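Protein sequence lines, in the order shown, are assigned to chains R and S.
If you read the first sequence in this note's numbering, its first letter stands for residue 1, the second for the next number, and so on.
If you read the second sequence in this note's numbering, its first letter stands for residue 1001, the second for the next number, and so on.
Check each hint, because a few of them may be wrong.
Claimed, not checked - To spell it out: a stretch of chain R is covered by chain S in this simulated footprint if at least three of its residues, at any positions, have a beta carbon under 8 Å from a beta carbon of chain S; those stretches are:
hint: 1; stretch: 46-55
hint: 2; stretch: 134-141
hint: 3; stretch: 181-192
hint: 4; stretch: 249-263
hint: 5; stretch: 273-285
No wet-lab data here; the hints were simulated from the structure.
Note that the structure is a prediction, hence the values are computed from the model and not measured.
Every residue, glycine too, gets a C-beta built ideally from N, C-alpha and C.
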Amino acid sequence: MGTNTTIAAARRQRTPSRDRAKPYYRWYVPYLFLIPGLVLYLLWTVYPLFYQLYISFFDWKIIPGQESTFVGFANYQTAFADKTFWLAMSNTVTYAIITVIGQMIAGFAVAVLVNRVLVGRRFFRTVYYLPVVTSWVVVSFLFIYLFSPGNSGLINYILTQIGVIKEPISWMANSSTAWVAIYSLGIWKGLGWSMVIFLAALQGIPAELYEAAAIDGTNEWQRLLHITMPLIRRTILFVFVALMIGGFQVFLSVLLITGGGPLHRTEVALTYMFDRSFGQLKFGYGAALSYILAVVIVVVSVTQTRLFGRRGQDVEY
Amino acid sequence: MLDTTRSQQRLFNVVIFLVLCLGVIVAVAPLMYMVSTAFKGASFVQEYPPRFIPETLTLENFQTAFSSRNFGRAFLNSALVAIATSVMVTALASTMAYAFARFEFRGKRILYAGLLTMLMIPGVVLLIPQFILAKNLGLMNSLPGLVLVYSAGPLAFDTFLLRGFFESLPSELEESAIIDGASPFTVFWRVLMPLAAPAISTVAIFSFLGAWDEYVMALNFLTDETLRTLPIAIANFRGQHSTNWGLVFAGSLTAVVPTVLLFVFFQRYFIQGITTGAVRG
Chain R
1 MGTNTTIAAA RRQRTPSRDR AKPYYRWYVP YLFLIPGLVL YLLWTVYPLF
51 YQLYISFFDW KIIPGQESTF VGFANYQTAF ADKTFWLAMS NTVTYAIITV
101 IGQMIAGFAV AVLVNRVLVG RRFFRTVYYL PVVTSWVVVS FLFIYLFSPG
151 NSGLINYILT QIGVIKEPIS WMANSSTAWV AIYSLGIWKG LGWSMVIFLA
201 ALQGIPAELY EAAAIDGTNE WQRLLHITMP LIRRTILFVF VALMIGGFQV
251 FLSVLLITGG GPLHRTEVAL TYMFDRSFGQ LKFGYGAALS YILAVVIVVV
301 SVTQTRLFGR RGQDVEY
Chain S
1001 MLDTTRSQQR LFNVVIFLVL CLGVIVAVAP LMYMVSTAFK GASFVQEYPP
1051 RFIPETLTLE NFQTAFSSRN FGRAFLNSAL VAIATSVMVT ALASTMAYAF
1101 ARFEFRGKRI LYAGLLTMLM IPGVVLLIPQ FILAKNLGLM NSLPGLVLVY
1151 SAGPLAFDTF LLRGFFESLP SELEESAIID GASPFTVFWR VLMPLAAPAI
1201 STVAIFSFLG AWDEYVMALN FLTDETLRTL PIAIANFRGQ HSTNWGLVFA
1251 GSLTAVVPTV LLFVFFQRYF IQGITTGAVR G
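So that you can see chain S by itself, here it is in the shape it has in the complex:
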């Protein structure tokens, strides 16, 4: 009797494992197909039957991509914009969160309530006024202008996230630093920030990715070819009539590999960022 339930249990575990492996194929096959197409020669991209593993591997698509006008430049632009956005969001959100977490001041409650209310408004519906504002301020066709808009987007959520984290930290260390005569900035920078490193990393990574992947604003804000970012450059590889898919996916892979590496190495911070606030029920 006990033996049958135990062997049933073992069979059950094997079935679960197999079902999950089947699901993995569905999750990953499209991505693998993209990788394989990026390494296929132009004549094999529309071959029949379609192949997952190319007959001959070639780097031709990557060479074409990087020798094309401004693709390398676009990579650099994206990297600069994403890093600047990440630094900016992290700095501004953490200082705001510090004020909310550790100080009492006039207008605190109403400011914070306002911030939380604004969280309900999806950023993408502000596309038109942001565009017109950028135009009026002379920030069109400028990467720093783009960084400003990108940084404002996630600010409210990240302030909310960091405030929660700061408040979960014990304040004794800060208090003893204050008694030792440390300035508020020293307390913030030397005492609080190192303790908050995990949450800070989460904010930095998510804001980096947001800027790295952004398409619509970059499309409308930047008209100068040398200023274009990576998603725009990839979209430009997709011709109007016939598309060289190998080239599109070579470009795509160049954009995706850094984000996947970031995810694999810093997975802990991703999971933390996603589940914060979601799981307490």
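With the rest of the complex left out, here is chain R:
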């Protein structure tokens, strides 16, 4: 989540206005503060980014003694012709769209209600946020258990009791029901995050605006649509972009819940990359897949910000 919260934020970073007329310290002092962090950063993120490009041009052998051979763009060509990779990409996009819409609607609704409630605002905020602080490994196992096959699975039990289904479902046995478990985990776990951000934005809206609108005889819905939504549109955009980027990186939940199965039907981009590289030891191919995904994510986030940002400015309130 950390890196997701950054792009819109980065755009708004104000440039420092303070110009130092004369430096207090010798010229090398800032570098002393900079270098330890910079070295670590260059070694473990900047260098790997380029190293990965290099690896992706090889039939990379991880086992000592075996020779890696240069294959040019062959890994990329294989990827574009790989049906499972396309399925994984389309699964990733579907996951992102469904869970982002789910999280935004639910998160926004809860935020509006928490903002309106008279007692227990802090309590509600804390409780709705709890799934966010619980680790992915733990909640993935938890959802496998909740979606257990047979009568004793909690979800099956509840659904049969209220009459939605007649027979217990083997959720993980086929892809469409396995997705139900994966989507609901994504929405359930992420809801609190967007709720907290929406809530902070809602609390920044001056109450006078609503009072004035109420005097003018508007109803709750009109105020929500014509005051709240336009005023926090930049926050809505930020949450949307951040969640989309996060959605494209869906990984651990799928890895642990279905492992991409049955028969690669629930594979997403990262689980497929992981399977090809760490499972099949095709690290060159995995590197190419990683690169394609990284490019997709960067392109998506840049376009989204540009597109929605411009449209937002056209509206005058």
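Starting from the structure of chain R, add chain S where the hints point.
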């Protein structure tokens, strides 16, 4: 007329409260079910009908977990790795942020722009080169190696976050310390850091949690059983064929309780970390 709107308003508030309580059940029920399963005996885990409150409470799962090979060790490993990562990230991000916030130097703008650009690349797509690099540097199967990789991940974002915070602080105190002849390190450590405590706490907590919960790198970087971290140990409780869920959730609870406590007590810093930069629109 006024009375009806007032009683309508009161009804409306009650409805909001009830709807939120309903939502709370959805948010918390899965977690409560995990807690209850952790305290159930093995024969009750697949019982029908499923029960939220176990008939008999038992600590058997926790005893099995902690008496199993290396679970206690895994807890310790995770604690060490997470604390070391937290200290490392906090130290490196704050020194970098100090340089960017308070100094002018050659290459400043391009370095910072580079840092921000890298923020767009999700860390998880670097898994393969980081793995191969660690292998080449002989850092496989080493907890300090893991700490190095974990620390590099959040560095750019935390530098960005701290720079913003440092620049929001008045520089008069630092300037008077400088006039009094304080060294740059003294100014940083004695003057700036205490003032920046809230932002520093945010960074420390988030980097701790990131390392505490990390699974995939730990899975591939560590093969030696005695070096495994908590998420790996929990995953190992999930057998290949039949799973003892009570045991899995006893292990899970051991990992989750510290993070929940951290969240409940330091909520302010969580909210600050999440909303920084997000809400200004």
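Quick check: the stretch 273-285 of chain R, covered by chain S? Criterion 3+ residues, Cβ under 8 Å.
Coverage by chain S holds here, the residue count being 5 at a Cβ distance below 8 Å.
Confirm or reject the coverage of the stretch 181-192 of chain R by chain S under the rule of 3 or more residues with a beta carbon closer than 8 Å to the chain's beta carbons.
holds (count 3)
Tell me whether the statement that chain S covers the stretch 46-55 of chain R is true, taking a Cβ distance below 8 Å and needing three residues at minimum.
Held - the stretch 46-55 of chain R has 7 residues with a Cβ nearer than 8 Å to chain S, which meets the minimum of three.
With a cut-off of 8 Å between beta carbons, are at least three residues of the stretch 134-141 of chain R near chain S?
holds (count 7)
Verdict on chain S covering the stretch 249-263 of chain R, where coverage means 3 or more residues with a C-beta closer than 8 Å
holds (count 5)
Checked against the numbered hints given earlier, this structure breaks none of them.
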